[in-house]
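From first to last, the protein sequence lines are chains A and B.
Under our numbering, the residue at position 259 of the first sequence is numbered 266, and the numbers go up by one with no gaps.
Under our numbering, the residue at position 237 of the second sequence is numbered 388, and the numbers go up by one with no gaps.
Keep in mind that a hint or two might mislead.
[To be verified] Just some of the chain B residues that point at chain A, by a computed CB distance under 7 Å:
hint: 1; residue: S308
hint: 2; residue: G312
hint: 3; residue: N316
hint: 4; residue: L317
hint: 5; residue: E319
hint: 6; residue: R322
hint: 7; residue: D323
hint: 8; residue: L324
hint: 9; residue: G325
hint: 10; residue: E326
hint: 11; residue: P338
hint: 12; residue: L339
[What the hints assert, rightly or not] Restraint ranges, calculated between C-beta atoms of paired labels, are given here:
hint: 13; chain 1: A; residue 1: G286; chain 2: B; residue 2: R248; range: 35 to 43 Å
hint: 14; chain 1: B; residue 1: I288; chain 2: A; residue 2: H162; range: 25 to 33 Å
hint: 15; chain 1: B; residue 1: F406; chain 2: A; residue 2: Q123; range: 52 to 60 Å
hint: 16; chain 1: B; residue 1: G251; chain 2: A; residue 2: K222; range: 34 to 42 Å
hint: 17; chain 1: B; residue 1: A243; chain 2: A; residue 2: D19; range: 50 to 58 Å
hint: 18; chain 1: A; residue 1: P87; chain 2: B; residue 2: R248; range: 27 to 35 Å
hint: 19; chain 1: A; residue 1: A243; chain 2: B; residue 2: G328; range: 26 to 34 Å
hint: 20; chain 1: A; residue 1: T143; chain 2: B; residue 2: I288; range: 53 to 61 Å
hint: 21; chain 1: B; residue 1: R248; chain 2: A; residue 2: S34; range: 56 to 64 Å
hint: 22; chain 1: A; residue 1: H162; chain 2: B; residue 2: G251; range: 43 to 51 Å
What the hints contain is simulated information worked out from the structure, not anything from laboratory work.
Where a beta carbon is used, it is the ideal one built from N, C-alpha and C, also for glycine.
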Amino acid sequence: MENRSDFVSLRDVSKYFGSVRAVDGVSLDIAQGEFFALLGPSGCGKTTLLRILGGFEASNSGSVHIDGANLTDEPANLRPVNMVFQNYAIFPHLNVRQNIGYGLRQEGLSAAEMSQRIDEALATVKLEGYGDRGSTELSGGQRQRVALARALVKHPKVLLLDEPLSALDKNLRELMRVELRALQQKVGITFIFVTHDQEEALSMADRIAVMSDGKVRQVDTPEHLYEAPATREVAAFIGSMNFLDGSVEGAANGMVTVNAGPLGKLQVKPSGDGAPAAGEAVTIGIRPEKLTLLDKAPASGDNVIKGRLTAASYLGERNHFFVSVEGVDAPISVASQNSSPVDHKGWIEGSEVWLTWKPEGARLLLS
Amino acid sequence: MKTRAKSGIGIRGLTIYGILYLVFLYVPVLFLPLFSFNDSIHISFPLKGFTVKWYEHMFANAELLDAFVNSLKVAGSVSVISTVLGVMAARAFTRYRFRGQRPALGLLALPLVVPGIILGIALLIMSKWAGFQLSLITIAAAHVLIATPFATFVMISRLEGFDPNLEEASRDLGESGWTTFWRVTFPLALPGIVASLLLTFIESFDEFILAFFLSGDEATMPLYIWSQLRFPRNLPVVLALGACILAASIILVAFAEWVRRQGVSPTPKSENQ
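If we strip away everything but chain B, and leave its shape as in the complex, we get (with noise of 0.2 Å):
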């Protein structure tokens, strides 16, 4: 053991370590809020003046308002169609031992490691090939592909360890497959549920790289700032949409974190005597 005095400069030291992790992870971040209200098209210092103005001409652009609709329709759908999946994968993973589990898992978490420009152009190739029309559908579908195993995931780790015998307990009270889906399985699932909703829209929600590559003519959001910034003029509107983007993110996931409270663990309590 070390002597007190040292590992006090120890913990000292960590403790300023966390504390520059943290500036330097979040200052950026709250510059966006700091600088949309910002009387000024140029991003530095010092600050100008207070105003509202870039909100307004957000809300006033309606190539922005059009993108922004595009990605929550995107962001919705992917998120829906891989937590439907994620759900009916995670209860064949968790429920049933079947031939080829282990590589059958393993394939599915493999679209979290190819690299999004091997995967997107890979994806632009086969849509060309097959004829499809690059459009928000496409997107949504390339969405869905990497966003399916983070939903299977979470699934996963909610459905394991869930009492198989609860489901055959309903079975037993006389409620049929499906009704005993809906007042066991979901209710116990639900956590679980939010949180691959909201973990798939975000993932959909601010993806590029394939957006890039399988877009029309349609932008989601995270294109259509893209497109912004070679116009200095606008950053100002870019963060004041930043801003927006991360108040409700907060929100978000403060919301699920919620619900995840409400829960109630699957598992019985171990039995103390």
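If we strip away everything but chain A, and leave its shape as in the complex, we get (with noise of 0.2 Å):
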């Protein structure tokens, strides 16, 4: 079967609450059988995207099209789309079967088939043998899965996850990552999930919009946003990154350089197709653990800063540095990792030190 790559499609979807632009024209594809996440800060409008998939919430205008049927107007009894609370939403009133089966009366399945059913959705969940629970008597992580079955059993063509992990302790947290990529995976339905955590978000989707502000600032593969954030508001949103600015001198050799003020001239890869042009502001972003700490200058190299810590901790597997740079308003952030076991070098705070990185490790970034 051909994966549609715009199995569900938005098109610049907009929705106001008084004068905020919750969600502002936002347009989007998400491919059939995608684990998909909408990642952003709290008030950033995610949430407020996947209720208007859901049909909770009428977009302003835009269109909403899954599978080719438009939705837009579509409301949520009637979209052949399927969500996952917050809260779990568990109906305290019903047992776990009959919460599972609550969705399943409007399609006039026999009893056998209704209970064939939800048979079927609690051995996917892990289940078996709970039916009969009372919705009260369940763990946070047991009403997880009766919500996912709950909503598994209508066999939607895209299920909606709201933070579906936020409600667990840590541990539990962690475990359902790898157990609901595992389940999006072995029933091949269309997943969306809102999160806020970035680690939740890189760990579990294949692709992955970056929000702020109501708009979409990037979609992409985990390893491409970390990698190769677009702006400089993504590079910092996912993980952490550290900025120098400058401005383009010139081209060459596929490596652009950089004049950075007090800090000389710095070669680095530039991104996409095609350099900026001369004179350009840029920006030069650099994950923290791209950098080398050094405790004298190195022999030779292009990407060479001078610079004084300010503070180091040993954080077991890994050490973590401040060095304040001259010209650079923020300490710069370098991560080391700790892989062989005597690497302590006894780095004492106040002294010089020198930064140095591969070219193709930092990222060059349009003002």
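Can you join these two chains into the complex? Each is in its own frame, and there are hints to help.
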């Protein structure tokens, strides 16, 4: 079966609450069978967008298509879409089987068919034998499974999940990342989930849309988002990143030379196609783990900056340093993996240090 | 901290106070059934002997039965109407935010504190002015006015903390607004609805002042009892009637409490790890 790349298609969707643009002109295509994350800080519009997909909020403009059908004005109860609510919204007056079977009543199934569908759903979420449990006798993890089964039993075209792991405690949350991913692979249904937790998005999703202020800033795979963020904002939201401002001096041999003022000239690989024009203001973004900290100036090399060590913390598997550099506002953050057992150099706070990195380890961001 | 002996005396004092309180509260009430079986028209000790004739008189009294049926009609319709209004108002207050919400809630509660005699006179003047014929309907209308705040507050306390996601989940699973109400909202609100029906029924059933001002030629139970107090000879029958009402109230309250315990809390239990 050919997987449509625009199985879920949002075109220019906007939603205003009073004068607040909760969702501001969002267009997205999500493929069939994709595990897709909407990631952003609270108030960025990701939950509103999910609720528009579910039919719980009407958009002020734009269109929503799923599997080719225009669902923009379709009410929630008629959409081939089901939702796992953040608090799971298990019906407290019904037991597990009745909760899971709740949505099957309008499908006109015989009692035997309905029972079989419920059994399948229970098996899918590994809750066999829990059918007759009262819904108030369930743990947080079991409630989540019931909510998943209750939605999946409807065989939706798209499953929406609102912060699916936030109600679980930390250990279970990490376990459920793996399980949820495995479940999605098994059922093959398109999952769209909302999260503010970048690790959750990176570890589960095939692709992530990073949102802020109601807009989608970048849609990419987890690897690309981390390694090649399009903007400073996205870079700062996914992991942490150091920023060095400068202007383009020229390009040669596939490298761009940036004049970073007091830091001198720095070499960066251009991102995307084509180098920016000379004179253009740019920002070099470098992840903390791409930097190497040295206690003396290297013999040679292009990208070297000098600074003063302001803080060093030993974090077990890695060390974390902060280096203040003249001409850069925020202290530069450096992470180094403690891969060999005796790698503790006894860094002295206040001493002069040098930072260096490979040109391909940095990222050229247009300002 | 006081000494143990002193606090012991304090506790004993409180216990005696508590017992006296209950005695003053319930002993007069218990005289009703006691004297209703007494073979004398005088309400005084010593008791003269056991009889059920007052109950026989009661069931033979057509006027009394009429008043009883009238009260059932009024209280029955009042409890249903005010509970329906209460459910709708409580949904509005708990589910939506709107301009003037707090003043509206305050105004809604006002009939609870306006003295009945003022309300009675005001409604009587208005009924005359509007040309309404005084009847059981005007009594019922006045009772709806004072019973609806009760119903609304009972329902607000039930619907508050009712997870709105439950209704959305039902919509999400394919149910319409109407079927969602019957499959989710109603069963979860049912204990509150029963409590409200009961409370407003009793509120209307024993209401006197408004009924006194607004009655036409048909009397409700409290009006009938009031009218009989002029005839000492009829007093034992009134006592028999009071005993019946007392028994019915106890049964109703016990039933409502049982229903309330059958209900499930509409709020999810807090997660413990």
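Discussion item. A range of 43 to 51 Å was offered for this pair. Does it hold for the Cβ distance of H162 (chain A) and G251 (chain B)?
Written reply: For H162 (chain A) and G251 (chain B) the Cβ distance comes to about 46 Å; the hint holds.
Item to complete: Return the status of the interface hint for L324 (chain B): holds when the least beta-carbon distance to chain A is below 7 Å, violated otherwise.
Response: Holds, about 3 Å.
Worksheet entry | chain A contact restraint on L317 (chain B) - CB to CB distance below 7 Å | holds, 5 Å
Item to complete: Please verify that hint: D323 (chain B), Cβ, nearest Cβ of chain A, below 7 Å or not.
Response: With a minimum Cβ separation of about 5 Å from chain A (threshold 7 Å), the hint on D323 (chain B) holds.
Worksheet item: Given E326 (chain B) as an interface hint, is the shortest Cβ-Cβ distance to chain A below 7 Å?
Response: holds, 6 Å
Discussion item. Given a cut of 7 Å on the nearest C-beta pair, is the interface hint for P338 (chain B) held or broken against chain A?
Written reply: holds, 5 Å
Worksheet entry | Minimum beta-carbon distance criterion (7 Å), N316 (chain B) to chain A | OK, holds: N316 (chain B) within 7 Å of chain A, min 4 Å.
Worksheet item: Between A243 (chain B) and D19 (chain A), does the C-beta distance stay in 50 to 58 Å?
Response: 34 Å Cβ-Cβ, so the 50 to 58 Å window is violated.
Item to complete: Mind checking the CB of G325 (chain B) against every CB in chain A and telling me if the closest is under 7 Å?
Response: Hint on G325 (chain B): holds, closest Cβ of chain A at ~5 Å, below 7 Å.
Practice prompt. Would you check whether G312 (chain B) satisfies its interface hint, that is, whether its CB is within less than 7 Å of any CB in chain A?
Written response: G312 (chain B) check fails; min Cβ-Cβ to chain A is 12 Å, beyond 7 Å.
Fill in: Verdict for A243 (chain A), G328 (chain B) (Cβ pair) under range 26 to 34 Å
violated, 43 Å
Practice prompt. Please verify that hint: S308 (chain B), Cβ, nearest Cβ of chain A, below 7 Å or not.
Written response: violated, 17 Å
In summary, the structure is inconsistent with hints 1, 2, 13, 14, 15, 17, 19, 20, 21 from the numbered list given earlier, while agreeing with the others.
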